[in-house]
Amino acid sequence: DAMVIQNPRYQVTQFGKPVTLSCSQTLNHNVMYWYQQKSSQAPKLLFHYYDKDFNNEADTPDNFQSRRPNTSFCFLDIRSPGLGDAAMYLCATSRGWGGSGYEQYFGPGTRLTVT
Amino acid sequence: QQPVQSPQAVILREGEDAVINCSSSKALYSVHWYRQKHGEAPVFLMILLKGGEQKGHDKISASFNEKKQQSSLYLTASQLSYSGTYFCGTEKVAGGTSYGKLTFGQGTILTVHP
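For the protein sequence lines, the chains are A and B, in the order given. With my numbering, the residue at position 104 of the first sequence is 926, and numbering never jumps. With my numbering, the residue at position 93 of the second sequence is 1449, and numbering never jumps.
Careful, some of the hints might be misleading.
[What the hints assert, rightly or not] Here are the simulated lysine-lysine pairs, BS3-like style, with alpha carbons at most 30 Å apart: (1) Lys-874/A <-> Lys-860/A; (2) Lys-1457/B <-> Lys-1382/B; (3) Lys-1382/B <-> Lys-1393/B; (4) Lys-874/A <-> Lys-1457/B; (5) Lys-866/A <-> Lys-1424/B; (6) Lys-866/A <-> Lys-1415/B; (7) Lys-1393/B <-> Lys-860/A; (8) Lys-1406/B <-> Lys-866/A; (9) Lys-874/A <-> Lys-839/A; (10) Lys-1406/B <-> Lys-874/A; (11) Lys-860/A <-> Lys-1457/B; (12) Lys-1382/B <-> Lys-860/A; (13) Lys-839/A <-> Lys-1406/B; (14) Lys-866/A <-> Lys-1393/B; (15) Lys-1382/B <-> Lys-1423/B; (16) Lys-860/A <-> Lys-839/A; (17) Lys-1382/B <-> Lys-866/A; (18) Lys-866/A <-> Lys-1423/B.
[What the hints assert, rightly or not] One-sided excerpt, in silico: chain B residues whose CB lies under 7 Å from chain A: (19) Leu-1405; (20) Lys-1423; (21) Gln-1462.
[To be verified] Here are the simulated distance ranges between beta carbons: (22) Leu-905/A <-> Thr-1467/B: 27 to 33 Å; (23) Thr-1467/B <-> Phe-897/A: 32 to 38 Å; (24) Gly-923/A <-> Gln-1358/B: 28 to 34 Å; (25) Arg-831/A <-> Thr-1467/B: 22 to 28 Å; (26) Leu-905/A <-> Gly-1371/B: 40 to 46 Å; (27) Ser-1362/B <-> Phe-876/A: 34 to 40 Å; (28) Gly-1371/B <-> Pro-840/A: 50 to 56 Å; (29) Ser-1381/B <-> Tyr-832/A: 46 to 52 Å; (30) Ser-1437/B <-> Ala-880/A: 34 to 40 Å.
Just so you know, the hints here were simulated from the structure itself, not pulled from any lab data. The beta-carbon is built from N, C-alpha and C at its ideal position, and this holds for glycine as well.
Please work from the sequences and hints to get the whole structure.
This is the structure we're talking about:
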């Protein structure tokens, strides 16, 4: 019954070693989002896709990249993780966009540790 | 710009009521409310669209005053399961690059004791 799936749930990487987090959805939603959530903070939007259209937040570091090869899958690549990138990474989806009243469905998150 | 939530934390006994407020300095199209338990993903509670609507689900309801750009979440007769961090997410009105995106408030930690 899982709707938004994230793998792995826990990821440990070394400083500077590239890492990829994955998200898949069974909802066939058009929009997919990546959020970064640090301890005791609100989720912060990194980027989103509307279908294949990619939108990057202005303050998302260049170190973060994303790919969406098809409707179901989305990946977050961190090219050279720093200690400050340790966080929970949340993937979310929604059926529509922009004032449409569509809720966002969140995956369980991937907790990234950088050593 | 991040919406401001108040209070930052609330401690209740089972059966007590609570109100969580969310305030924005920008004109809003919608307000979303989520609850997140420690180490888990945020769970959707409800959306309020501009038009000054109110919504309710079981003992949790919310209102949205678009003139004041404020929303309030009302938790009635709280249960232990209500414990968690509550986030409001605001969506600004159409126009510009912020359309359709949610900006989350800093969260309100709700603790319900037996």
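request  = Check each numbered hint from earlier against the structure, then list the numbers of those it violates in ascending order.
outcome  = 13, 20, 24 and 29
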